[in-house]
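Under this note's numbering, residues 1 to 91 are what the sequence shown spells out, in order.
One or more hints might be untrue.
[To be verified] Each pair of labels, with its calculated beta carbon distance range:
hint : residue 1 : residue 2 : range
1    : 9         : 88        : 34 to 42 Å
2    : 60        : 35        : 32 to 40 Å
3    : 74        : 3         : 17 to 25 Å
FYI, nobody ran anything at the bench for these hints, they're computed from the structure.
Built from N, CA and C at the ideal position, the CB exists for glycine as well.
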Amino acid sequence: MKTKTRDTLFASGNWILSLGTIAALLASQWKEAPLPAAVLVVIVIMTLAKSRLIILDFLGLRGVSPRLALPLYGFMAFGSGAALTAAFFGA
């Protein structure tokens, strides 16, 4: 494995772990009350950022045609929209 690739994956992995930890800490602040809307939106944005890093770096689509990643981005946006809809309007 090239050094640049290894460094990129290491940095991306650190970002993914950091975003996941921050989202978990935010969610754990409200144990018995529902999450405020702003916190829920921040957690979903962090989740989308993590999924983008996973798609680009760990699926190997960084530097390749961006059209290959569009269906994966669409799937992540659909899932996040469904989660937000269920959280705001009840499922």
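Hints versus structure:
no.: 1; hint: 9 to 88: 34 to 42 Å; verdict: holds (36 Å)
no.: 2; hint: 60 to 35: 32 to 40 Å; verdict: holds (34 Å)
no.: 3; hint: 74 to 3: 17 to 25 Å; verdict: violated (34 Å)
Violation of the numbered hints given earlier is confined to hint 3; every other hint is satisfied by the structure.
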